[in-house]
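Which chain is which? The protein sequence lines are A and B, in order.
For reference, each letter of the first sequence is one residue, going 1 to 323 in the numbering used here.
For reference, each letter of the second sequence is one residue, going 1 to 514 in the numbering used here.
Note that these hints are calculated values from the structure, not bench results.
This one's a predicted model, so the numbers in the text were calculated from it and none came from an experiment.
Glycine included, every Cβ here is placed at the ideal spot set by N, Cα and C.
Any given hint could turn out to be false.
Said to hold, decoys possible - Computed from the model, here is a short list of chain A residues facing chain B with C-beta under 8 Å:
| no. | residue |
| --- | --- |
| 1 | N178 |
| 2 | L179 |
| 3 | A187 |
| 4 | A198 |
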Amino acid sequence: MKLGSYKREVSAALAFAALLVLVGFIAPSFFSATNLRDLALNNAPVLLVAVGMTMVILVGEIDISVGSQFAVCSVVAGWLAKSGVSIMLLLPCVLAFGAAMGAFNGLLVGRVRLPSIIVTLAMLTAWRDGLRWVTQGAWVENLPPNFQWFGLGQAFGQWLIVIVALLVLIGFSWLLRNLGAGRAIYAVGSDAEAARLAGIDPRNVVFGVFMLTGALVGLAALLNAVRFAVVPSNAGIGLELKAIAAVVVGGAAITGGRGTLAGTLIGVALLGTIGTGLTFMGINPFWEKAIQGGIILAALVSDVVLGRLEQHGRINPARTAAP
Amino acid sequence: MTDNALLSANDITKSYAGVDALKHVSFELRSGEVHALIGENGAGKSTLIKIITGAVESDGGEIKLDGQTLKHISPRAAKQLGIAAIYQQPALFPELTVAENIAIGLEQRGLWARIDWRERRRHAAELLAQVGAKIAVDAEAGMLTMPQQQLVEIARALGAEARVLIMDEPTASLSEEDTQNLFRVIRQLRAQGVGIIYISHRLEELPLIADRVTVLRDGCVIDTRLIPEVNRQQLIQLMVGRELSAVFPKREVVLGEVVLELRNVGCAALGVHDVNLSVRAGEIVGLAGLVGAGRTELASIIFGLTPADDGEILLRGHSVKIESPAQAIASGIAYVPEDRRRHGVILPMAVCRNITLASLDRLKSFGFLDFRREKEIAVDYTRRFGIKTPSIFAPVANLSGGNQQKVALSRWLVTKPSVLILDEPTQGIDVGAKAEIHSLMTELAAQGTAILMISSELPEILGMSDRAAVIHDGRIFGMLDRAEATQSKILALALGHELTETGAPAGSQTGQPG
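Could you build the full structure based on these sequences and the hints that come with them?
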């Protein structure tokens, strides 16, 4: 396919490149191995959640409960480890738990046809406050020694987390393109009624996407939790905003039907780097959120501008001429 | 004549994307007159109304109100001049009360003025009393029955001091009693000097309510007559009286076994009842009827969009249960929907992906999509049907209407359907693409596909179908063989008139129109 169909991804990538060049000139120490490793580690969970969020946004829905799901999954992972569940079993258990939470969203949005923004807003508070009530705010401590880094040691554990996150991204990117189900996600997001008339059941697609997102949140929570000796009960606050922002900056249409995981990767990288980049450039990090907000606005504005240009091309007869 | 004209449209011309909707139409409405406007689906009635109410702008000609030429009428300006329209489906805000609905557009108090609720309710009650409606002003509009909602709209039009009132099929969903009540209100308005444009398919009610009638056909005014001077038969003749303008590429096909059979199929929610219909392999059955008579609804039952709650559907003699489009597709049924731009294709998606969307199962190799195969299919169909596109990877949005329709058709032909349902297959596309789609249909029939074609264009029904089923009020009202089908017979059936034994529409004694 031509680069032209990925205008939005390309412009996000150019913005990211510009940021790297700027930081490189002002503060070359930004590119130290430790700093890059920290950046990658901090953003790996965001990336995993953003992969799910991309699919949710592609079908034209939204999930703002991922941060709370993340906290619940983290604590569940800690409890399971503490209660003696083996490290090998931890992963499937947490994935299943996350998937179940996502499936609940999917049921309400896909089947009962409730608006996703309200359903997941309710779930955002329900999971968060439910967790606070159950844990009484206490963190999970005294974890078995092999919980941290899965008992693999820090160096290898760190690599594992980053690699798993990237593999998931690449895997889902490939599946979105090569599976009928991936095609169905785009079709439902573009025009749910047309998809239904083509024999696709939008209800199942929406359900599946929410469930997958829950599972990815579970994976992200587990990979994040093993980095520390204790599991906090208030993890993932604001995670939903990071993920949604990354997806939008990566060029996906918030109305569904358009977007790629490559764009999401660039979005996560751009938004995840900017804070540290500012610190290295000697700018007060308090500006981070304001600048992130500016980037999101810029992405939306350029989306509209690009859309109008395309619209213009659409009525340009030269493009609809004979093959 | 012209000096007592309240509203006159002179030499109005309008075309949509090169298709003429109105050709030099002139129309005149006097005050204190009920002027009926009749014509087949697509004759140009709606376009004329839209121009008068300012919803669309005409390409040429002028509208005069009280002899004053109106330039660039906007819907708002039209309203202020006293032109009001009431459509078949009342356009009230269901969550607002009756009083609020009436007040919208009437009260000119600015956004920041305090609302005088007492005055608002008093005014609403007064207007409702004028139309003789017993409706509580505090009732939510959404809770009212259809006729009540219509009366609220008429009350609102009265409040706006409408001098021109346009009614688009107001009695289509009314009972006899409500119809009589509506007529009473109309007569009262007429006595007050309001000019009423009355659109209806119910020819039998015209003598009861109308003073004059204007017949539109193919975007032209055929005639304007005084109601006492014409009978229903003549009106039908005026509405259809045209020879087949296009040559249809219909071919004789040896019909095979019955592929699709409906036995007493109905769906209460869609208002379709007791439909018996069969389509044989190689046969094209035309499904005619007025808009809203239940044609598209019948298609959506067969395709599983709204499953039947009554009767039986048989495919090749076996009873099947079709509860979802996926099941229908698996059973070999394909449906090209009416609203192409919205549902037939997915506009932002590439041509090739649109073509394969209904047959992704066929593209799988080891569970994954085979892009080479997809490309082959897309290239094959774009070439075979002459789909003009810059590339098979271009979004369908970039294509012309006719080419979009060919993409929509291709999608279904890839599924190799044994039953193909086409809903208005050539609506709004140019003549060339139309002919291509017709010859495609002929070819498919020759290959043994059973085709059910819904169309509002009588020449298309007559030209393409082996049999024509005419649906009226959710039932198959008549079935005509190719040899016996004529435009006037189909139209008479569509309007709900039984045919007499000779096959002539009831009421005509002599001289059966050809």
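**Q.** Hints breached by this structure
**A.** Every hint satisfied by this model.
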